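Counting in this note's numbering, the sequence shown runs from 1001 upward without gaps.
Read the hints as simulated data drawn from the structure, not as lab findings.
Mixed in with the good hints, there may be bad ones.
What the hints assert, rightly or not - Mimicking DSS-like on lysine-lysine, the simulated pairs with C-alpha atoms at most 30 Å apart in a straight line are:
id, residue 1, residue 2
1, LYS1058, LYS1134
2, LYS1052, LYS1066
3, LYS1134, LYS1066
4, LYS1066, LYS1082
5, LYS1140, LYS1082
Computed from a predicted model, the values in this text were never measured in an experiment.
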Amino acid sequence: MEANTTPEVTQTEVSTTAFGNESAGKITATKTAPADTQVQEYQNIGTSFLTKIFDYIKEFVDDNQKLLVNLLLIFLGIVAVKVTLAVVAAINDIPLLAPMFELVGLGYTGWFVYRYLLTRSSREELGQEFESLKAQVVGKE
1001 MEANTTPEVT
1011 QTEVSTTAFG
1021 NESAGKITAT
1031 KTAPADTQVQ
1041 EYQNIGTSFL
1051 TKIFDYIKEF
1061 VDDNQKLLVN
1071 LLLIFLGIVA
1081 VKVTLAVVAA
1091 INDIPLLAPM
1101 FELVGLGYTG
1111 WFVYRYLLTR
1121 SSREELGQEF
1131 ESLKAQVVGK
1141 E
């Protein structure tokens, strides 16, 4: 026995339209073209490929999370330095602003030397403050 692979189609009554003796049409089975099945196969292949790629990427990120975070931090640090240098260059281009910042820096340096470096007691005080700050950063306090 040979199996019939074509779908059964029922024929409906053909009627004419009001515009003449044109027939309204017949209901026929839609046949899928071979091109449609090939396109569907290629879509399935593409979908499975993308799914596998995303799984591999997820696995790679999970396995190397610390390395990727460190690389990201290094990259962001480089970007931050570049942006800072660009801002400083832009400030340097403003007339009289760069010399004013230089005067402020020299004034602060003079005050720091006078306050902390001239006498022995002030140097000891600076050393104690430095040790206290170091202990806070390292976590001993």
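To see whether the hints hold, each was checked on the structure:
1. LYS1058 <-> LYS1134: violated, 40 Å
2. LYS1052 <-> LYS1066: holds, 23 Å
3. LYS1134 <-> LYS1066: holds, 27 Å
4. LYS1066 <-> LYS1082: Given pair LYS1066, LYS1082 holds - Cα atoms ~24 Å apart, limit 30 Å.
5. LYS1140 <-> LYS1082: violated, 35 Å
Checked against the numbered hints given earlier, this structure breaks hints 1, 5; the rest are met.
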